[in-house]
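Undergrad: Here's the letter readout for the chains.
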Amino acid sequence: MAEVSSLHKPTANRAPRLRWDARPWLLCGPGAVFFLVMLGVPLVMTVVLSLYGFSYTEGLIETRTLASYREALVDPYFHEIFLRTYALGVGVTLICVVLGAPEAYVISKLRPPWRTICLLAALGPLLVSVIVRTLGWVLLLGNHGLVTEALRFVGLTDRSLMYTHTGMVIALVHVFVPFMVISVWAALKKVDPATEQAALSLGASKFTMLRRVVLPQVLPGILSGSLIVFALTASAFATPAIIGERRLKVAATAIYDEYLSTSNWPLGAALAMILLVLNALVIFAYNRLVERRYRKTLGEA
Amino acid sequence: MSYLSLAGLSKRYGDFTAVEDFTLDIEQGEFVSLLGPSGCGKTTTLSMIAGFTTPTSGRIEMAGTELSRVPANKRGIGIVFQSYALFPHMTVSENVRFGLDMRRIKGTECTQRVADALELVRMGGFAKRYPRELSGGQRQRVALARALVIRPPLLLLDEPLSNLDAKLREEMQSELRQIQQRVGTTTIMVTHDQSEALSMSDRVVVMRDGRMVQVADPLQTYESPIDAFVSGFVGKTNLLEGRLVADQAGRTMLHLGELRLEIDAASRAAPVSVSLRPEKLRLVPIGQGRLSARVVGRQFAGAAWHYRVETGLGELMVNAPNLGAPSHANGERVDVDWPLAAMHLLDTEPRPLDPANAAGAPDHG
Numbered sequence: 486m487a488e489v490s491s492l493h494k495p496t497a498n499r500a501p502r503l504r505w506d507a508r509p510w511l512l513c514g515p516g517a518v519f520f521l522v523m524l525g526v527p528l529v530m531t532v533v534l535s536l537y538g539f540s541y542t543e544g545l546i547e548t549r550t551l552a553s554y555r556e557a558l559v560d561p562y563f564h565e566i567f568l569r570t571y572a573l574g575v576g577v578t579l580i581c582v583v584l585g586a587p588e589a590y591v592i593s594k595l596r597p598p599w600r601t602i603c604l605l606a607a608l609g610p611l612l613v614s615v616i617v618r619t620l621g622w623v624l625l626l627g628n629h630g631l632v633t634e635a636l637r638f639v640g641l642t643d644r645s646l647m648y649t650h651t652g653m654v655i656a657l658v659h660v661f662v663p664f665m666v667i668s669v670w671a672a673l674k675k676v677d678p679a680t681e682q683a684a685l686s687l688g689a690s691k692f693t694m695l696r697r698v699v700l701p702q703v704l705p706g707i708l709s710g711s712l713i714v715f716a717l718t719a720s721a722f723a724t725p726a727i728i729g730e731r732r733l734k735v736a737a738t739a740i741y742d743e744y745l746s747t748s749n750w751p752l753g754a755a756l757a758m759i760l761l762v763l764n765a766l767v768i769f770a771y772n773r774l775v776e777r778r779y780r781k782t783l784g785e786a
Numbered sequence: 444m445s446y447l448s449l450a451g452l453s454k455r456y457g458d459f460t461a462v463e464d465f466t467l468d469i470e471q472g473e474f475v476s477l478l479g480p481s482g483c484g485k486t487t488t489l490s491m492i493a494g495f496t497t498p499t500s501g502r503i504e505m506a507g508t509e510l511s512r513v514p515a516n517k518r519g520i521g522i523v524f525q526s527y528a529l530f531p532h533m534t535v536s537e538n539v540r541f542g543l544d545m546r547r548i549k550g551t552e553c554t555q556r557v558a559d560a561l562e563l564v565r566m567g568g569f570a571k572r573y574p575r576e577l578s579g580g581q582r583q584r585v586a587l588a589r590a591l592v593i594r595p596p597l598l599l600l601d602e603p604l605s606n607l608d609a610k611l612r613e614e615m616q617s618e619l620r621q622i623q624q625r626v627g628t629t630t631i632m633v634t635h636d637q638s639e640a641l642s643m644s645d646r647v648v649v650m651r652d653g654r655m656v657q658v659a660d661p662l663q664t665y666e667s668p669i670d671a672f673v674s675g676f677v678g679k680t681n682l683l684e685g686r687l688v689a690d691q692a693g694r695t696m697l698h699l700g701e702l703r704l705e706i707d708a709a710s711r712a713a714p715v716s717v718s719l720r721p722e723k724l725r726l727v728p729i730g731q732g733r734l735s736a737r738v739v740g741r742q743f744a745g746a747a748w749h750y751r752v753e754t755g756l757g758e759l760m761v762n763a764p765n766l767g768a769p770s771h772a773n774g775e776r777v778d779v780d781w782p783l784a785a786m787h788l789l790d791t792e793p794r795p796l797d798p799a800n801a802a803g804a805p806d807h808g
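Line order of the protein sequences matches chains B and U.
Here the first sequence stands for residues 486 to 786, where the numbers follow my numbering.
Here the second sequence stands for residues 444 to 808, where the numbers follow my numbering.
Everything labelled a hint here was simulated from the structure, so no lab data went into it.
There could be a bad hint or two in this list.
What the hints assert, rightly or not - Quick list of in silico lysine-lysine cross-link-like pairs, DSS-like style, CA-CA up to 30 Å:
(1) K675(B) x K691(B)
(2) K723(U) x K679(U)
(3) K674(B) x K571(U)
(4) K594(B) x K691(B)
(5) K691(B) x K549(U)
(6) K675(B) x K517(U)
(7) K610(U) x K675(B)
(8) K594(B) x K675(B)
(9) K517(U) x K674(B)
(10) K691(B) x K571(U)
(11) K691(B) x K674(B)
(12) K571(U) x K610(U)
(13) K549(U) x K571(U)
(14) K571(U) x K675(B)
(15) K517(U) x K549(U)
(16) K723(U) x K610(U)
(17) K674(B) x K594(B)
(18) K679(U) x K610(U)
(19) K691(B) x K723(U)
(20) K594(B) x K517(U)
Generate coordinates for the entire structure from the input sequences, incorporating the hints supplied.
TA: Take a look at the structure:
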């Protein structure tokens, strides 16, 4: 009897179910509020701030003007900074691909205890604060640092790598290569090891097997890893600030200086918005490209 | 001189012996199955032939060439993997072409051979598809085409049908066998499925704990299993404990419980196991059989009834073809009957494999 009555109940229950259901909103509410308050509000404030006027005598002027954007986009000084930022982004990304992808592959081929140990060693740097790691590089690259002394001893150079592009690239690659390793590692997990054996059995050399069978399968991982590394490098602050200092400014350190040294907040805000838009453009364009290429063959990229 | 000769092939990992002294001669065009439970060493054996695992000792000789030190990519052996291992980023025709590309076969010959191989496995219309757009059975066919397009001297199949559902598996069994016979490629298949091994092979090698237990053609494997392990692993069987006794007239009598059966065997007094296949037993009216029994369970399998009957010798499995007649009910009293020839005597002690049996030419009886 109970079963029969329960069969009829849904009809009675259906009416309230058609009403607006608050539960999904309540569930994602706290996250959405947090996101809005912590990211949305400062972003809007930055946009508003970037439209203020500024003069060295009066400071902030409450008008609405695009003067800061004009300055940021026209001044060759900022061109150089943005060019340096994106050149660093591309260079660091490429080096991370060259180092990180083979590293992930080699680690994935190790025997069980060593595989975990080496993976942890590769990802270990992430456990140390970026500042601490960069200060470590200062110790190595400084005028009397180990690397500098070694290079001097070999006779390659007598100058320290501090305040150079090379030094900055070395430190940034060290900081970001674990993200490439993780990303390629995840892609390798999806590769059927039998496909490598299949390639060998069909007569492929080890190199051909890697190039034609393994690489195409982990390419989505390499591409998403590049995206992460590029975005992180283009917006990196701590490492360029410590290794490059004022001599080699990048976008993030330039923004910092506009805010805190020059006190030209509208210009700092305008630079920040330009950096954000450029980064977003690069990332979206890249993502579109990657997704279109791989949706058909490998499923989700 | 046989085509493929495996001599004393062994693989040890530290203290663990994966394969011990695998010795087998295979004729050109022959289809041999390695059958055994998981961990019996069959896959390791296949991997050594393929060149992915280096044998600890032993020789692999194909058409007179020693192979065991030749790297996998120089052996030219066609392999179909359990997971099919199709290249997911290549279309079906690119997958099949891969081996030809490696051999620098180009142009019309390449196109023609790819088309022929796909036609052979009836996948001609799928050349432009990607593997993930294919069903399991279709991927299986493409994997076979990719392995055969290089015209390998030897084809290795690693559990090729285990990822297919039951009905498709049966279809593919006969199709795979037909293709193999048409192409004539010497083939070694690894499987844990006894029906697959029996239905497809010229010879079956039953393996256990890294060792070969029996090498025989399918019928012989099924009808004359060498020991209790083989008879239990290859098909279902009723194992009965008995004794051979020579009587005063010089006849050999098999004592099975109360039963005294005269059999044609070497006269010796010894305990024996008797293997009786369930389908060789018949349930007959009381008084017409060898053994009285009571039906204690039955299962309908469409083409047959599977009975369990309680007898003086213990519980027996009996399979009766479904001829449309009413079946025996649970609790019904019946007699069990079987032809004397249906009994297969096994040694109670496992017997080491007779080397002559393994090395000799196959008996296509």
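Undergrad: Decide, hint by hint, whether the structure agrees.
TA: Cross-check of the supplied hints:
1. K675(B) x K691(B): Satisfied, since the Cα-Cα distance of roughly 20 Å is no more than 30 Å.
2. K723(U) x K679(U): holds (11 Å)
3. K674(B) x K571(U): holds (27 Å)
4. K594(B) x K691(B): holds (14 Å)
5. K691(B) x K549(U): holds (22 Å)
6. K675(B) x K517(U): Holds, at about 27 Å.
7. K610(U) x K675(B): Holds, at roughly 29 Å.
8. K594(B) x K675(B): Given pair K594(B), K675(B) holds - Cα atoms ~14 Å apart, limit 30 Å.
9. K517(U) x K674(B): With a Cα-Cα distance of about 28 Å, the restraint between K517(U) and K674(B) holds, given a limit of 30 Å.
10. K691(B) x K571(U): Holds - the C-alpha atoms of K571(U) and K691(B) are around 27 Å apart, at most 30 Å.
11. K691(B) x K674(B): Answer holds: K691(B) to K674(B) is near 19 Å, not above 30 Å.
12. K571(U) x K610(U): Cα-Cα ~27 Å, so holds.
13. K549(U) x K571(U): OK: K549(U) and K571(U) at ~18 Å, within 30 Å.
14. K571(U) x K675(B): Within the cut-off at roughly 23 Å; holds.
15. K517(U) x K549(U): holds (20 Å)
16. K723(U) x K610(U): Distance ~26 Å between K723(U) and K610(U) Cα, so the pair holds.
17. K674(B) x K594(B): The given pair, whose Cα atoms are some 11 Å apart, holds under the 30 Å limit.
18. K679(U) x K610(U): At roughly 21 Å apart (the allowed maximum being 30 Å), K610(U) and K679(U) satisfy the hint.
19. K691(B) x K723(U): violated (55 Å)
20. K594(B) x K517(U): holds (22 Å)
Comparing the model with each numbered hint stated earlier shows that hint 19 is the single one that does not hold.
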